[in-house]
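Sequences and hints are given; from them, build the entire structure.
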Amino acid sequence: MSAGGQSQAMFFRARAARQAGDVGLRRTLQKARPLFVGKRAKGIAGLAADGLGFGALRTACADIRRRVVDDLDVWLEIFEERARATGAEVLWARDGAEIRRHVLDIAARHGVTKAVKSKSMLSEEAGLNEALADAGIRPVETDLGEYIVQLAGEAPSHIIAPAVHKTIHEVEALFAAEHGRPLQARSSADIPAMAREAREVLRQHFLSADMGISGANFLIAETGSAALVTNEGNGRMVTTLPSVHVVITGIEKIVPTLEDFASLMRLLPRSATGQTISNYVSLLTGTRGAGDGEGPEKTVFILVDNGRAALAGSDFADMLRCIRCGACMNHCPVYFSLGGHAYGWVYPGPMGSVLTPLYTGIENALDLPHASTGCNQCGVVCPVEIPLPALMHRLREVQVERRLRPLAERLGLGAWGWLARRPTLYRLVVRLAARYLRWLADDSGRIRVFGLAPGWSAGRDLVPPSGPTFLERYAARKKD
Amino acid sequence: MSARDEILGRVRRGLGKGDAAGRRAKAEALLAAPVRGPQPAIGGELVARFVARAESLTSTVSRVAAASEVPASVAAWLAAQGLDSYCVATADVGDLPWSAAGIAAAVRSAQDADMVGITGCYCAIAETGTLILLSGPETPASVSLLPETHVAVVPAERVVATMEDAFALLRSERPGFLPRAVNLVSGPSRTGDIEQTIVLGAHGPCRVHIVIVGDAPAGAR
Ligand code: SF4
Chain G
21 MSAGGQSQAM FFRARAARQA GDVGLRRTLQ KARPLFVGKR AKGIAGLAAD
71 GLGFGALRTA CADIRRRVVD DLDVWLEIFE ERARATGAEV LWARDGAEIR
121 RHVLDIAARH GVTKAVKSKS MLSEEAGLNE ALADAGIRPV ETDLGEYIVQ
171 LAGEAPSHII APAVHKTIHE VEALFAAEHG RPLQARSSAD IPAMAREARE
221 VLRQHFLSAD MGISGANFLI AETGSAALVT NEGNGRMVTT LPSVHVVITG
271 IEKIVPTLED FASLMRLLPR SATGQTISNY VSLLTGTRGA GDGEGPEKTV
321 FILVDNGRAA LAGSDFADML RCIRCGACMN HCPVYFSLGG HAYGWVYPGP
371 MGSVLTPLYT GIENALDLPH ASTGCNQCGV VCPVEIPLPA LMHRLREVQV
421 ERRLRPLAER LGLGAWGWLA RRPTLYRLVV RLAARYLRWL ADDSGRIRVF
471 GLAPGWSAGR DLVPPSGPTF LERYAARKKD
Chain Y
544 MSARDEILGR VRRGLGKGDA AGRRAKAEAL LAAPVRGPQP AIGGELVARF
594 VARAESLTST VSRVAAASEV PASVAAWLAA QGLDSYCVAT ADVGDLPWSA
644 AGIAAAVRSA QDADMVGITG CYCAIAETGT LILLSGPETP ASVSLLPETH
694 VAVVPAERVV ATMEDAFALL RSERPGFLPR AVNLVSGPSR TGDIEQTIVL
744 GAHGPCRVHI VIVGDAPAGA R
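Heads up: the sequence lines are chains G and Y, in that order.
Residues in the first sequence are numbered consecutively from 21, following the numbering used here.
Residues in the second sequence are numbered consecutively from 544, following the numbering used here.
These are calculated hints, taken from the structure and not from any lab test.
One should not assume that every hint holds.
[To be verified] Below, in silico cross-link-like pairs of lysine to aspartate or glutamate (EDC-like), each with a Cα-Cα straight-line distance of 20 Å or less: (1) Lys62(G) with Glu598(Y); (2) Lys134(G) with Asp154(G); (3) Lys134(G) with Glu198(G); (4) Lys560(Y) with Asp83(G); (5) Lys59(G) with Glu738(Y); (6) Lys134(G) with Glu279(G); (7) Lys318(G) with Asp125(G); (8) Lys569(Y) with Asp210(G); (9) Lys560(Y) with Asp90(G); (10) Lys560(Y) with Glu571(Y); (11) Lys318(G) with Glu109(G); (12) Lys569(Y) with Glu279(G); (13) Lys569(Y) with Glu100(G); (14) Lys134(G) with Asp655(Y); (15) Lys569(Y) with Asp90(G); (16) Lys51(G) with Glu738(Y); (17) Lys569(Y) with Glu192(G); (18) Lys569(Y) with Glu101(G); (19) Lys560(Y) with Glu279(G); (20) Lys134(G) with Glu314(G); (21) Lys59(G) with Asp655(Y); (22) Lys560(Y) with Glu198(G).
[Claimed, not checked] Label pairs and their in silico Cβ distance ranges: (23) Gln224(G) with Gly552(Y): 42 to 48 Å; (24) Glu598(Y) with Ala205(G): 32 to 38 Å; (25) His413(G) with Glu681(Y): 55 to 61 Å; (26) Arg201(G) with Glu598(Y): 36 to 42 Å; (27) Gly131(G) with Gly587(Y): 53 to 59 Å; (28) Ala76(G) with Ala572(Y): 23 to 29 Å; (29) Gly552(Y) with Gly475(G): 18 to 24 Å.
No residue lacks a Cβ here, since even glycine has one placed at the ideal position from N, Cα and C.
What follows is the structure, encoded as C-alpha cells:
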C-alpha cells in the first residue's frame with residue numbers, strides 16, 4: 021500500500037499513461053484476461069446442470085444484500101448483540117486512523133510482536149501494515165499473492181489476485197532476496213517448487229505469530245459469526261493458530277441467515293475464479309470453547325465505516341451490496357489495458373472507479389468515473405446486480421453539479437448550451453465550422469493537427485465533415 | 544459521541560426511515576424463520592454425486608462397508624502413496640482399530656511435524672463435494688490443516704444434498720450453538736498466485752483422501 025492508505029487516484033492520468041506504456045505488464049495482463057473470463061463462464065454454465073439459472077440466483081443474492089443495506093442500522097445492532105453473546109468483542113471505527121488505533125491497542129494489551137494476516141481490504145484502506153511496523157510489530161501477509169506484493173513493497177493490483185501483474189521472474193527475484201538464497205533461472209515448471217518454498221517460510225510465521233488479522237467475506241447476523249473464504253488455507257491458519265484474532269471488516273458485510281450465506285456462496289466463488297466452491301469456507305464464532313486446546317482466546321471484530329455509512333439511502337447505496345468478487349474488473353477492457361495500480365487506491369476496476377471517489381472524496385478522484393468505455397460488461401457479470409456504469413455516470417453528474425470539472429470543459433459546455441438554445445445562430449455556426457474544418461484538411465483530405473484538441477489529434481487524424489450539415493439535410497428531406 | 548453511535552446515526556440519517564422497533568421486529572422474524580434461496584436439483588444418489596464432485600476437486604475417494612474396515616483401507620492407501628503410517632487423529636475416529644492395521648494414530652492436536660492427519664466429519668455436501676468439520680476438544684481443527692495429507696472418514700448416511708441441508712442438520716442437532724470454527728473443506732489447498740498457475744498444497748494439505756463408510760441407499764436422506 022502507498023503510505024498510510026493515501027489515495028493516489030488524483031494522478032490517474034499520469035499513472036495510466038505509465039502503466040499503458042509498460043509492455044511487459046500488458047503482456048502479463050493479456051495472458052491473464054482470458055483465464056479469468058473463461059473460468060467464470062464455465063463456473064456460471066455449471067449452474068444450469070443443477071437446474072439453477074444465473075438470473076434467478078443473482079436476483080436472489082441481490083435481494084439478500086438489498087435487505088441488509090435497506091435496514092443496515094438494525095442489522096448492525098443485531099450482529100453486534102449476537103457476536104458479543106458468543107464472547108467476541110465488537111469495536112467500531114470511523115476511519116483508517118481509528119482502525120490503526122484499535123489494532124495497536126489490542127496488540128499492546130496482548131504483547132504482540134508478530135501478526136499474520138489473511139487478506140483484508142480494510143487493512144489496505146487503513147495502511148495498517150506501516151502502522152504495525154512503526155510500532156515494532158511485524159506484519160506478515162500470508163495469501164501468496166499478498167505476500168509477493170508485500171515483499172515488493174507494492175499494493176495489490178487486483179482484489180482476488182493481488183500479484184496478477186507480477187511475472188515469475190519478478191517473484192523469483194523477491195523470493196531469492198527475502199529467503200536469503202541465490203537467484204535461479206525459473207520457468208513455469210518451477211511454480212510448484214516456488215509455492216512450496218513460500219509455504220515453508222510462511223508456516224514458520226504462522227507458528228510464531230501472536231495475532232491473526234483477517235477480513236471477513238460476510239458477517240452472519242443470525243449467529244454473530246465471520247465467514248472467511250480462501251483457497252490457500254491461510255484464512256484457517258490465521259484464525260486457528262494465534263491466540264488473538266482480529267476481524268477488520270466494513271459495516272456493509274452483513275448477511276442475515278446461514279441460508280442467505282449459502283445462496284451467496286453459490287455465486288461468489290463462481291464469479292471470482294469460476295470455482296463451484298472455494299477450498300476453505302470457515303464460519304468463525306466467538307473464541308475457543310471450554311476444553312479446546314487451540315483457537316484464539318480473544319476475538320475482536322472491528323466494524324468500519326470509512327465512507328460507507330454516508331452511502332446509506334444515497335444515490336450510491338447500490339454499491340454497498342458489493343461482495344468483492346472481482347468479476348467486474350475481470351471483464352473490464354480498461355482494467356486490462358492499465359492494470360490495477362493505475363487506479364491509485366485499494367480498489368481497482370469498475371468497482372474501484374465507483375468506490376474510490378465515494379470513500380476518499382469525489383474531488384480527489386475526478387478521472388476514475390471517466391475511466392470507462394460504457395460497455396457495461398461489469399454490470400452484466402456483477403452477481404448482486406450493481407449497475408456500475410450508471411453509478412459512474414451519476415458520479416460524473418455530481419462532478420458537474422459541484423463544479424468540479426476543469427474550467428475549459430465548463431466554459432466549452434456552457435458555450436455550447438448557450439448556442440444550442442438559439443437554433444438560427446446554431447445552424448449558422450455549424451455550417452461555418454464544417455467549412456472551416458474542410459479548409460483545415462490537407463491534400464489527403466485529413467486533418468493532421470487539430471489546434472482545438474491537440475492531444476486528441478496527436479495519435480490520430482480527424483476526417484473533416486463532408487457535404488451539407490445534418491440540419492440542412494433534414495430540412496431538405498422534409499420538403500420532399 | 545462514540546464511534547458506534549456516530550456511525551449508526553449516520554446510517555439512520557441516510558436511510559431516513561424511523562420506526563426502528565418495527566424494522567427490528569421484521570428482521571428478528573426473518574432470523575426466526577430462515578428462507579432458502581433458489582435450490583439446486585441434486586438428482587440421483589447423493590453419495591455418488593459427492594464422490595464425483597470430491598474427485599473433480601482432486602480429492603481421492605475409497606469406499607468401505609463398515610467402520611471397522613477403515614484402518615486397513617487407509618493403511619493400503621498410505622502405503623500406495625509412500626506415506627508414513629504415523630498419523631495424528633481426532634478423537635471421533637480415535638477408537639477405530641488403527642494399530643491392527645499397522646497405523647500408529649496419536650489422538651491430539653496437530654503439530655508442524657505431523658505428516659498425516661485423520662479426521663471424521665460432521666457431515667458432507669453432495670452438491671459441491673465438501674466436508675464439514677466442526678472444531679472442538681475432540682476434533683481440533685489443526686488435524687485437517689497442518690499435515691500435508693488429510694484423510695477424512697465420512698459415514699455415507701451423513702452425506703446431505705446442499706449447504707442449506709447441512710445447516711439444517713446443525714440447527715436440529717446443536718440448536719443455538721456453533722463451535723468456534725465450522726470448516727467447509729473442498730479438496731486440497733491451492734494457489735494460483737504465481738502467473739495464474741494452479742498449484743496444489745498452498746498452506747493447508749496437498750492431498751485429501753476420503754473414506755466413505757457404508758452404503759446409503761438412493762434417496763435415503
Ligand atoms: S461490483 Fe459486483 S462484480 Fe464488482 S466486485 Fe463488487 S460484487 Fe463483484
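Hints versus structure:
1. Lys62(G) with Glu598(Y): This hinted pair holds, its Cα atoms lying about 18 Å apart.
2. Lys134(G) with Asp154(G): Given pair lysine 134(G), aspartate 154(G) holds - Cα atoms ~12 Å apart, limit 20 Å.
3. Lys134(G) with Glu198(G): holds, 17 Å
4. Lys560(Y) with Asp83(G): holds, 19 Å
5. Lys59(G) with Glu738(Y): holds, 15 Å
6. Lys134(G) with Glu279(G): Violated, at roughly 36 Å.
7. Lys318(G) with Asp125(G): holds, 14 Å
8. Lys569(Y) with Asp210(G): violated, 56 Å
9. Lys560(Y) with Asp90(G): holds, 9 Å
10. Lys560(Y) with Glu571(Y): holds, 17 Å
11. Lys318(G) with Glu109(G): Given that 20 Å is the threshold and the Cα spacing comes to 8 Å, the pair holds.
12. Lys569(Y) with Glu279(G): At roughly 17 Å apart (the allowed maximum being 20 Å), glutamate 279(G) and lysine 569(Y) satisfy the hint.
13. Lys569(Y) with Glu100(G): OK: lysine 569(Y) and glutamate 100(G) at ~17 Å, within 20 Å.
14. Lys134(G) with Asp655(Y): holds, 18 Å
15. Lys569(Y) with Asp90(G): With Cα atoms ~12 Å apart, lysine 569(Y) and aspartate 90(G) stay inside 20 Å; holds.
16. Lys51(G) with Glu738(Y): Answer holds: lysine 51(G) to glutamate 738(Y) is near 9 Å, not above 20 Å.
17. Lys569(Y) with Glu192(G): Distance ~55 Å between lysine 569(Y) and glutamate 192(G) Cα, so the pair is violated.
18. Lys569(Y) with Glu101(G): holds, 16 Å
19. Lys560(Y) with Glu279(G): This hinted pair is violated, its Cα atoms lying about 27 Å apart.
20. Lys134(G) with Glu314(G): holds, 18 Å
21. Lys59(G) with Asp655(Y): violated, 34 Å
22. Lys560(Y) with Glu198(G): Violated: lysine 560(Y) and glutamate 198(G) sit about 54 Å apart, past 20 Å.
23. Gln224(G) with Gly552(Y): 42 to 48 Å: holds, 46 Å
24. Glu598(Y) with Ala205(G): 32 to 38 Å: holds, 36 Å
25. His413(G) with Glu681(Y): 55 to 61 Å: holds, 57 Å
26. Arg201(G) with Glu598(Y): 36 to 42 Å: holds, 37 Å
27. Gly131(G) with Gly587(Y): 53 to 59 Å: holds, 55 Å
28. Ala76(G) with Ala572(Y): 23 to 29 Å: Roughly 24 Å apart at Cβ, these two residues keep to the hinted range, so it holds.
29. Gly552(Y) with Gly475(G): 18 to 24 Å: violated, 46 Å
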